[in-house]
Amino acid sequence: MSNRTGAAAVAKPTLGQPILTVEGMVKYFPITRGILFRRKIGDVKAVDGVDFTLHKGETLGVVGESGCGKSTLAKLLMRLEDATAGTAVYDGRDIVAAKGGELRRLRRQVQMVMQDPYTSLNPRMTVGDIIAEPLIIHGVGGKDKARETRVRELLDLVGLNPEHINRYPHQFSGGQRQRVGIARALALNPEIIICDEPVSALDVSIQAQVINLLEKLQAELGLSYIFIAHDLSVVRHICDRVAVMYLGRIVEIGSEDEIYNRATHPYTQALLSAVPVPDPDAREHRRIIRLSGDVPSPANPPSGCRFRTRCWKATDLCAEKTPALIEREADPHPSACHYAERADHILG
Amino acid sequence: MGRHSHSIVEQDSAPGPDDGGGHLLEVDDLYVEFRTGEGTAKVINGVSYHLDPGETLAVLGESGSGKSVTAQAIMGILDTPPGFVTGGRILYQGKDLLTASESDRRAVRGREISIIFQDALSALNPVFTVGWQISEALRKREGLSKKDGLERAVELMELVNIPGARERLKAYPHQFSGGMRQRVMIAMALAQKPNVVIADEPTTALDVTVQAQIMDLLGDLRRELNTAMILITHDLGVVADVADRIAVMYAGRIIEHADVHALYRSPAHPYTLGLLNSIPRLDDKGKTLRTIPGLPPNLTNIPSGCPFHPRCRFVRDVCRSEVPPSLDLGGRHSACHFARELLAGELEPTRKEPEL
Numbered sequence: 001m002s003n004r005t006g007a008a009a010v011a012k013p014t015l016g017q018p019i020l021t022v023e024g025m026v027k028y029f030p031i032t033r034g035i036l037f038r039r040k041i042g043d044v045k046a047v048d049g050v051d052f053t054l055h056k057g058e059t060l061g062v063v064g065e066s067g068c069g070k071s072t073l074a075k076l077l078m079r080l081e082d083a084t085a086g087t088a089v090y091d092g093r094d095i096v097a098a099k100g101g102e103l104r105r106l107r108r109q110v111q112m113v114m115q116d117p118y119t120s121l122n123p124r125m126t127v128g129d130i131i132a133e134p135l136i137i138h139g140v141g142g143k144d145k146a147r148e149t150r151v152r153e154l155l156d157l158v159g160l161n162p163e164h165i166n167r168y169p170h171q172f173s174g175g176q177r178q179r180v181g182i183a184r185a186l187a188l189n190p191e192i193i194i195c196d197e198p199v200s201a202l203d204v205s206i207q208a209q210v211i212n213l214l215e216k217l218q219a220e221l222g223l224s225y226i227f228i229a230h231d232l233s234v235v236r237h238i239c240d241r242v243a244v245m246y247l248g249r250i251v252e253i254g255s256e257d258e259i260y261n262r263a264t265h266p267y268t269q270a271l272l273s274a275v276p277v278p279d280p281d282a283r284e285h286r287r288i289i290r291l292s293g294d295v296p297s298p299a300n301p302p303s304g305c306r307f308r309t310r311c312w313k314a315t316d317l318c319a320e321k322t323p324a325l326i327e328r329e330a331d332p333h334p335s336a337c338h339y340a341e342r343a344d345h346i347l348g
Numbered sequence: 001m002g003r004h005s006h007s008i009v010e011q012d013s014a015p016g017p018d019d020g021g022g023h024l025l026e027v028d029d030l031y032v033e034f035r036t037g038e039g040t041a042k043v044i045n046g047v048s049y050h051l052d053p054g055e056t057l058a059v060l061g062e063s064g065s066g067k068s069v070t071a072q073a074i075m076g077i078l079d080t081p082p083g084f085v086t087g088g089r090i091l092y093q094g095k096d097l098l099t100a101s102e103s104d105r106r107a108v109r110g111r112e113i114s115i116i117f118q119d120a121l122s123a124l125n126p127v128f129t130v131g132w133q134i135s136e137a138l139r140k141r142e143g144l145s146k147k148d149g150l151e152r153a154v155e156l157m158e159l160v161n162i163p164g165a166r167e168r169l170k171a172y173p174h175q176f177s178g179g180m181r182q183r184v185m186i187a188m189a190l191a192q193k194p195n196v197v198i199a200d201e202p203t204t205a206l207d208v209t210v211q212a213q214i215m216d217l218l219g220d221l222r223r224e225l226n227t228a229m230i231l232i233t234h235d236l237g238v239v240a241d242v243a244d245r246i247a248v249m250y251a252g253r254i255i256e257h258a259d260v261h262a263l264y265r266s267p268a269h270p271y272t273l274g275l276l277n278s279i280p281r282l283d284d285k286g287k288t289l290r291t292i293p294g295l296p297p298n299l300t301n302i303p304s305g306c307p308f309h310p311r312c313r314f315v316r317d318v319c320r321s322e323v324p325p326s327l328d329l330g331g332r333h334s335a336c337h338f339a340r341e342l343l344a345g346e347l348e349p350t351r352k353e354p355e356l
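Quick note, the sequences are listed as chains G and L, same order.
Residue 101 in this note's numbering sits at position 101 of the first sequence, with consecutive numbering throughout.
Residue 355 in this note's numbering sits at position 355 of the second sequence, with consecutive numbering throughout.
Isolated chain G, as found in the complex:
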């Protein structure tokens, strides 16, 4: 820790060109009551005002507990859900407003790797057909022969045997299936891949294989990743920048170093301190912040700062005024806390 305290003075690493700019992203799911006459009685505020920029060639991690809206955010960017409000601009065009042919062209550039390799592959299709499907839908990759060549290339690229093109998903292990999912996402040569918990369903020894593959592909193909995960250790390993979400909002965003070594938001600090570290000698000197209670319902979030009901620093100000996600005095990266300050010895 001590050798890093001077790091605040070091200039931020240069980022690539912005490739995706998300502003004011909001998704409310209506809650209705009644069978014959459905009335809207409220909203689940799954995503409630999210802004961030993704740069070319970088990996942006999105972390948070279940129900914080991170997967909904992924669906909004893929247009699997329609946003209530907000824009997501890729290459001068808004993904949220795009329709018809324009949306199809945008979808080629933004692809997704799903969490569960067991349910995200059709069990009745061969892996060759699964990987070729996006090529057929978008009318690229040429005729049958050329398409098969492309599928074999993709299988090879993700470390699977191209001879296995006619096998079915059940003939593969979990890690291999996730590779099939990655090959499918790569089929259209996208620029952005959204990875929604890509390794959380895999065994420890297999996780590392898939993480290394994702890193290799990024280096070779210049991909940008949005990496959604709840495992903060994995996110630290693979991400250049990290956004921490709580109840539909980003509470802190910054470089890997800024979040893991110089976090200023109490929620980030609590989240980091709760992660078990694989070192029994760290038991004694780690300071663990225990949060009480559970995440409040997104249908009825607290006023002001949404974290205040579990925060040990909360005052009346937190209930009255919503803290903005702006750079705070404590450290030059955006943090949505009125009382942002650094804490030492979180990671021991």
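Wrong hints could be hidden among the right ones.
Across the chosen pairs, the derived CB separations fall in these ranges [unchecked claim]:
#: 1; chain 1: L; residue 1: E167; chain 2: G; residue 2: G100; range: 32 to 42 Å
#: 2; chain 1: L; residue 1: P303; chain 2: G; residue 2: R38; range: 54 to 64 Å
#: 3; chain 1: L; residue 1: Q175; chain 2: G; residue 2: G34; range: 19 to 29 Å
#: 4; chain 1: G; residue 1: Q171; chain 2: L; residue 2: T288; range: 21 to 31 Å
#: 5; chain 1: G; residue 1: I31; chain 2: L; residue 2: G219; range: 34 to 44 Å
#: 6; chain 1: G; residue 1: K313; chain 2: L; residue 2: E158; range: 23 to 33 Å
#: 7; chain 1: G; residue 1: I31; chain 2: L; residue 2: K352; range: 37 to 47 Å
#: 8; chain 1: G; residue 1: K313; chain 2: L; residue 2: S122; range: 36 to 46 Å
#: 9; chain 1: L; residue 1: T99; chain 2: G; residue 2: K313; range: 54 to 64 Å
#: 10; chain 1: G; residue 1: R290; chain 2: L; residue 2: E158; range: 14 to 24 Å
#: 11; chain 1: L; residue 1: G54; chain 2: G; residue 2: K313; range: 48 to 58 Å
#: 12; chain 1: L; residue 1: R316; chain 2: G; residue 2: G139; range: 21 to 31 Å
#: 13; chain 1: G; residue 1: G34; chain 2: L; residue 2: S122; range: 39 to 49 Å
Simulated from the structure, these hints should not be mistaken for lab results.
Note that the Cβ used here is the ideal one computed from N, Cα and C, for glycine as well.
Given the structure of chain G, go ahead and fit chain L onto it with the hints provided.
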């Protein structure tokens, strides 16, 4: 038939403060197989471990390593068929549970040894109230009246820090959050003050902040009630936080068994070494992760010799033909032919780092 390879696995027990027998719970050379239409899966192949009062033993392994099946065998809740115990003993206070009558086993289950399941939502009955479920064992086994049972349920819910316990007696499991449901599970497991609690992945389905709350609670209760605990998990971080000793399982065998500090400092089995190298760490960004190539073995067709040899970086000829015995390395055990050389840092890899 399970004992045919009996001579291969050394009989001496695992490390611990007293190796002279008389442990609270002792699993001795256990064999379990699953007979299915696709063949016989040898799920447990000679597992031995022991537990003393008040200590925490972590059993670490990936899916299919047999860590949960061992727990089911101890509890006597193995699904038979397809699962069959084909050899070994499970001694509780010196008495073999496997040969005990069903009524004797019932007397042990819950009252002496209880279990906390991973997925509280499916382990709890959705159509009964939480208070009724917690007090069920007390009514059936301790002969408490309905009213007294519910009173005890309130005490137990307070013990596991469920706020507003009395008001929530009549609530159903779906009205609780994941963390609160797991607390209900823990309350049920503690209802009859058991000496041993088996926690089977108790926090895997929970978020990290809630996981920290539950692990804290388990630690506090263990100290207060002096309960011994077997913690079954795949998470090397959780183990490092709470365990005294750790047994690493692979393909139905314990391949390494050591004090938790010793194991993290210097693993004595290539699989443990590989696991520790392959996890990303929160306290260090690190470089490319070092992976273990290949996949865990198919249990209907376990590789000859050392079951880990197809994935091992240090594999030698002897590994392919001979099952390694559990070597005693002074207070710790490793089932690797070259454990001593590995510990001394003198073992040269025979394979290169795997390609992606």
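Original post:
For which of the previously enumerated hints does the structure constitute a violation, in increasing order of number?
Top reply: Structure breaks hints 1, 7, 11, 12 and 13.
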